[in-house]
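Here the protein sequences line up with chains G and Z, keeping their order.
Take my numbering: the last position of the first sequence gets the number 137, and nothing is skipped along the way.
Take my numbering: the last position of the second sequence gets the number 695, and nothing is skipped along the way.
Derived from the structure by calculation, the hints contain no laboratory data.
Don't take each hint at face value.
Heads up, incomplete: computed chain G residues facing chain Z, CB under 10 Å, no partners named [as the list claims (entries may be wrong)]:
| # | residue |
| --- | --- |
| 1 | Arg27 |
| 2 | Gly40 |
| 3 | Leu41 |
| 4 | Leu53 |
| 5 | Asp56 |
| 6 | His69 |
| 7 | Ile96 |
| 8 | Leu120 |
| 9 | Tyr126 |
As a list, the in silico DMTMM-like pairs of lysine to aspartate or glutamate whose alpha-carbon atoms are at most 20 Å apart [unchecked claim]:
| # | chain 1 | residue 1 | chain 2 | residue 2 |
| --- | --- | --- | --- | --- |
| 10 | Z | Lys518 | Z | Glu530 |
| 11 | Z | Lys515 | Z | Asp233 |
| 12 | Z | Lys692 | G | Glu50 |
| 13 | Z | Lys619 | G | Glu98 |
| 14 | Z | Lys636 | Z | Asp667 |
| 15 | Z | Lys592 | G | Asp121 |
| 16 | Z | Lys592 | G | Glu98 |
| 17 | Z | Lys619 | G | Asp100 |
| 18 | Z | Lys619 | G | Glu103 |
| 19 | Z | Lys515 | Z | Glu616 |
| 20 | Z | Lys619 | G | Glu99 |
| 21 | Z | Lys592 | G | Asp118 |
| 22 | Z | Lys692 | G | Glu55 |
| 23 | Z | Lys449 | Z | Glu197 |
| 24 | Z | Lys296 | Z | Glu243 |
| 25 | Z | Lys592 | G | Asp31 |
Predicted, not measured: the structure shown is a model, and the values here were computed from it.
Just so you know, even glycine gets a beta-carbon here, dropped at the ideal spot from N, CA and C.
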Amino acid sequence: MDRRKIRVLVAKPGLDGHDRGARVVARALRDAGMEIVYTGLHQTAEQIAETALQEDVDVVGLSILSGAHLTLVPRIKALLREKGLGDILVVVGGIIPEEDAAELLKRGDADRIFIPGDSLDSIIEYLRGSFSSNHTL
Amino acid sequence: MNNPMDDKKKRGSLAARLKKWQDKKNVLTERKSSFETVSGRPVQDLYTLIDIENLEYEKELGFPGEYPYTRGVQANMYRGRLWTMRQFSGYGDAFDSNRRYRYLLEQGQTGLSVAFDMPTIMGFDSDHERASGEVGRCGVAVDSLADMEVLFDGISLDKVTTSMTINGPAAVIWCMYLANAEKQGIGFEQLGGTIQNDILKEYIAQKSWIFPPEPSMRLITDIFAFAEDHVPRWNTVSISGYHIREAGSTAVQELAFTLADGFAYVEAGINAGLNVDRFAPRLSFFFNSHIDFFEEICKYRAARRIWARRMKEQYGARDPHSLKMRFHTQTAGCSLAAREPENNIMRTTIEALAAVLGGTQSLHTNSMDEVLALPTEKSAKIALRTQQVIAHESGVADTIDPLAGSYFIERMTDQMEAEAEEYFRRIEELGGVLSAIDCGFFQQEIADAAYRYQKAIDSGERIVVGVNRFTSGESLQIELLKIDPEVEEKQFRRLQKLKETRDNEAVSTRLTELKKTARGGDNLIPKILDAVRVYATEGEIVAALKEIFGVYREKPLF
Numbered sequence: 001m002d003r004r005k006i007r008v009l010v011a012k013p014g015l016d017g018h019d020r021g022a023r024v025v026a027r028a029l030r031d032a033g034m035e036i037v038y039t040g041l042h043q044t045a046e047q048i049a050e051t052a053l054q055e056d057v058d059v060v061g062l063s064i065l066s067g068a069h070l071t072l073v074p075r076i077k078a079l080l081r082e083k084g085l086g087d088i089l090v091v092v093g094g095i096i097p098e099e100d101a102a103e104l105l106k107r108g109d110a111d112r113i114f115i116p117g118d119s120l121d122s123i124i125e126y127l128r129g130s131f132s133s134n135h136t137l
Numbered sequence: 138m139n140n141p142m143d144d145k146k147k148r149g150s151l152a153a154r155l156k157k158w159q160d161k162k163n164v165l166t167e168r169k170s171s172f173e174t175v176s177g178r179p180v181q182d183l184y185t186l187i188d189i190e191n192l193e194y195e196k197e198l199g200f201p202g203e204y205p206y207t208r209g210v211q212a213n214m215y216r217g218r219l220w221t222m223r224q225f226s227g228y229g230d231a232f233d234s235n236r237r238y239r240y241l242l243e244q245g246q247t248g249l250s251v252a253f254d255m256p257t258i259m260g261f262d263s264d265h266e267r268a269s270g271e272v273g274r275c276g277v278a279v280d281s282l283a284d285m286e287v288l289f290d291g292i293s294l295d296k297v298t299t300s301m302t303i304n305g306p307a308a309v310i311w312c313m314y315l316a317n318a319e320k321q322g323i324g325f326e327q328l329g330g331t332i333q334n335d336i337l338k339e340y341i342a343q344k345s346w347i348f349p350p351e352p353s354m355r356l357i358t359d360i361f362a363f364a365e366d367h368v369p370r371w372n373t374v375s376i377s378g379y380h381i382r383e384a385g386s387t388a389v390q391e392l393a394f395t396l397a398d399g400f401a402y403v404e405a406g407i408n409a410g411l412n413v414d415r416f417a418p419r420l421s422f423f424f425n426s427h428i429d430f431f432e433e434i435c436k437y438r439a440a441r442r443i444w445a446r447r448m449k450e451q452y453g454a455r456d457p458h459s460l461k462m463r464f465h466t467q468t469a470g471c472s473l474a475a476r477e478p479e480n481n482i483m484r485t486t487i488e489a490l491a492a493v494l495g496g497t498q499s500l501h502t503n504s505m506d507e508v509l510a511l512p513t514e515k516s517a518k519i520a521l522r523t524q525q526v527i528a529h530e531s532g533v534a535d536t537i538d539p540l541a542g543s544y545f546i547e548r549m550t551d552q553m554e555a556e557a558e559e560y561f562r563r564i565e566e567l568g569g570v571l572s573a574i575d576c577g578f579f580q581q582e583i584a585d586a587a588y589r590y591q592k593a594i595d596s597g598e599r600i601v602v603g604v605n606r607f608t609s610g611e612s613l614q615i616e617l618l619k620i621d622p623e624v625e626e627k628q629f630r631r632l633q634k635l636k637e638t639r640d641n642e643a644v645s646t647r648l649t650e651l652k653k654t655a656r657g658g659d660n661l662i663p664k665i666l667d668a669v670r671v672y673a674t675e676g677e678i679v680a681a682l683k684e685i686f687g688v689y690r691e692k693p694l695f
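Generate coordinates for the entire structure from the input sequences, incorporating the hints supplied.
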């Protein structure tokens, strides 16, 4: 069985520059033993999907605080599917109203949503839980 | 008259008494092993006269409206005029936001503050592919003078002052405001307001940049020069610590990095050949008010004193207006919790009170729902009412700088000043603010502090009520503002129509002239003003400037 570290792409899609959350989460995941690729700011959906492909990641973490999540997340998910990466876990963090979160989950555009106040541990646990069978940490 | 020998004897006996008290107290258990501010600053159990024994009243504090302005920038402070209640708002298109502004003015708000959407902030028109999904989402979409006309429809620009949170394309948006005033028949000299225009903190924290540092600084000094001659009541930069703090910095980092940016603008102005006393009076500041009550108050008091001293001693400013740090404050968005959002009203009240006790000139109180969405009319009203209760009911505005002389407050004010000076020394060693940005110094310092803060919350060492303690498990349902999904389409059509009906030949000529000036060294503002007058869009003007100036790229780090 292929056992390897969980590889996570932490990405900031769209024009939003608020990168505190993305950077704190990236560091916490790295400290928890995961491999992190951080895209930096102002990424287009195409750039993110391409990086996910090139970097061969298991998870795409999207941080969005600008209210553009209902446009950006489905677009990124669609591009991942187009590239044959439909199985990659898509996790979203940021200012996402409950109603919108439910919609993103229902449509299968995101696998999990975290909002302000959720702990770093809850993110780490979720990712570990999702890959418990074939990854080491 | 005091006899110095007597004083010394008194202090000696006080120190002995303090020691005895501490011995007695130390057998009592404390509820925590150490007490620290939200920034991680240790807090003593008790402060006494001994902590401020070197304080020289005239030198360190002085009187309100007098050097070094520790006690406030006006002689009468809030006994004269209360702070300006200025709620930051904007959403959807210019029509939506105009309605909200009129509502807030009717409710007794005393100044306007415009929030732009991300495409406007980044210099893209609403029809640009990069704007997709973001039009009108976290602020109002403004593409051209036509939108500006709608935004302030029915609001006389000589009757209100307007603050605009715009940085990368600040010159363009400011020119639209000026051109709109022209159309209202109001002279530039009658206009009062602020553009944020603080590009340094964009590179450091807020990350909404467009051009590289050098042309960005040129645009800023061009604005200084134009305002000096034509718009004398305008605050040309709002040097902002707010975003530095929101990005995760400590209070001292916010203080030090913001003031360091301020000094960098002063140096840029002087290097551009301007007289410091002609532009420095129009520099204003913008601070955060976080939840740690006393630390925030000390931060404001220290900030005023540092600014006054440096402006006088290092930059040779003589005009008292150059020495006075005037600032706006916004309560801390990052202190709000998405769980049990009503609790945010109390957090905001404490933070607003700190800003008032710290002597702010204007204040934005966050709405309880801003951690979830843009505020509803109802939540925005509660936020404004919070200020009105502080102003008119609590009595805190009736005497000036009421906490001065507190052993704790004066001690911490001194400490924060000293720590900020230490940061200035480190920034100097790195070769100044721009080099420090280039090597990621600020960004790393802030990222480290943000991580420490989050770890402290996660471990429960720092309590956030309703989040990691006293949680009810109930999710409270509050009504949220929804942005009409039609906004993007409506704005798109409006822009298409504008492009069909305006004089496109004039637009093209003015953009060519603008590029010519950008290649040379003349002031860019008159050329930008000419372009917006014929309804060149923000995106077109920014794209023209990008051709000459290029764009900024950051090395991602975490």
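>> Need the status of pair Z/Lys619, G/Glu98: alpha-carbon distance at most 20 Å?
In response: Measuring from Cα to Cα gives roughly 12 Å; hence the hint holds.
>> Run the distance test for Z/Lys592 versus G/Asp118: straight-line Cα separation, threshold 20 Å.
In response: The hint holds at about 12 Å.
> Has the given pair, Z/Lys449 with Z/Glu197, been kept, meaning a C-alpha gap of at most 20 Å?
Replying inline: Holds - the C-alpha atoms of Z/Glu197 and Z/Lys449 are around 15 Å apart, at most 20 Å.
> Taking only the CA atoms, is the gap from Z/Lys592 to G/Asp121 under or equal to 20 Å?
Replying inline: holds (10 Å)
> Holds or violated: are the alpha carbons of Z/Lys296 and Z/Glu243 at most 20 Å from each other?
Replying inline: Holds, at roughly 14 Å.
>> The hint names G/His69 as touching chain Z; please verify it with the least Cβ-Cβ distance against 10 Å.
In response: Check passed: Cβ of G/His69 comes within 8 Å of chain Z, closer than 10 Å.
>> Holds or violated: the hint that G/Ile96 contacts chain Z, with Cβ atoms closer than 10 Å.
In response: holds (8 Å)
>> Tell me if the interface restraint on G/Leu41 is satisfied: Cβ within less than 10 Å of some Cβ in chain Z.
In response: This interface hint holds because 5 Å falls under the 10 Å limit.
> Between Z/Lys592 and G/Asp31, does the CA-CA distance stay at or below 20 Å?
Replying inline: With Cα atoms ~12 Å apart, Z/Lys592 and G/Asp31 stay inside 20 Å; holds.
> Can G/Tyr126 be said to touch chain Z, with a Cβ gap under 10 Å?
Replying inline: Violated. Min distance 14 Å.
> Was the hint right that G/Leu120 lines chain Z, CB cutoff 10 Å?
Replying inline: holds (5 Å)
>> Hint check: Z/Lys518 vs Z/Glu530, CA-CA at most 20 Å. Holds or violated?
In response: holds (17 Å)
Checked against the numbered hints above, the structure violates hints 4, 5, 9, 16; every other hint is satisfied.
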